[in-house]
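Novice: Produce the complete structure using the sequences and hints provided.
Take a look at the letters that make up each chain.
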Amino acid sequence: MGSAQPTGQREPSPPASQEPERVGVVSLVRMVKDDGRQLILYERSDRSPDGGGGA
Amino acid sequence: LSEIRRNELRGEPVVYAIDRQERTFLPARTHCPLCPTRPGGPATEIPVEAFEIAVFENRFPAFQAPAGAAEVVVYTDDHDSSLGVLAPERVEALMWVWRHRYGELGAREDVHYVLIFENRGVEVGVTLHHPHGQIYGYPFTPPVAQLELAADARLGGCAPCALLERELSDGRRVLHEDEWVVVYVPHAARWPYEAHVVMRAHRPSLLDCSAPELAALARALRLLVRGYDALFERPFPYVMVVHQAPTGPAVTPPGGHLHVEFYPPLRTAEKLKYLAGSEQGAGTFISDVLPEESAARLREAIRRGA
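Residue numbers (the working numbering), protein chains in the order written: chain A, 1 to 55; chain B, 1001 to 1306.
Just to be clear, a hint being listed does not mean it is correct.
Chain B regions said to be covered by chain A (calculated; three or more residues, Cβ under 8 Å) [what the hints assert, rightly or not]: (1) 1042-1050; (2) 1053-1062; (3) 1087-1098.
Hint data in this document are derived by calculation from the structure and do not stem from the laboratory. Everything numeric in this text was worked out from a predicted model, so none of it was measured. Backbone N, C-alpha and C fix where the C-beta goes; we use that ideal spot for every residue, glycine too.
Specialist: Pasting the structure below:
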């Protein structure tokens, strides 16, 4: 859960920075979609042992 | 770009975003554009196999640079989840995402007001079932934000602070409170099960909140949504709107008190509250349930849903 690995079906531009930005409890990675729109993926950077997601 | 006209009789703007007519409408779950892109599956808006929270510029924007912004906030890669079902730490993470987007969009010169919202359920016109919200960056200060500024002036200070004090003093409509956040059905609720989640301290926006306050806000939102879902034992449709300080040219006083308002359209498990003649023609809501009664029912539902 949470690893932002491109699938290869649609290639986004690489993130502008290899170092994720951090905001509070989340880190973020920016991408540019192939039509030029911005996409930001956020992950908890202090995730609990169970991954903290889902139901 | 959208066209903005002014409705002079109402004294309000109307936005014509005609490209949105073509937006994706209730696709089959196998073609959900908000799911991750899985190997062998169709490409979606999010070209990774798994993610926690994703934000992207809306493909069918009501506003876009250089005259505003429209973004989609996908809460999870689980198509069947919801704000109430997400783990508490994930909802807390969402508060930081909202905070980040408010700060970044609000810093733009062309964004005068940042509206974070969620439409949940076909009853309020949702077009994608995958759990998500939206963010509009308005290139003007919209009417509701102006009404809130006017309420501050009318009440001689921060209106949400004054109203919170009244609700706590009365107590009959309070659903939940802790050190940082209070949830209540307002004294003059317009919707049968309307509820407001209000920061106890005066915080104009998410940017002014401490980490414990954001965690408490997340807990309160999750608690309320779980209570809503327990009320009629079904996914409860609502419009959820985050109210914060305007970000445009400075107004004095600046206004804004972070709170989240829920406008649920259901009045029973099967019956909707419609905005009809009085509501649309006279701007006067007619309600068939007293806020004290709906607060009592919601308190019990929150207990069951916790």
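Novice: Against the structure shown, which of the earlier numbered hints fail to hold, in ascending order?
Specialist: none
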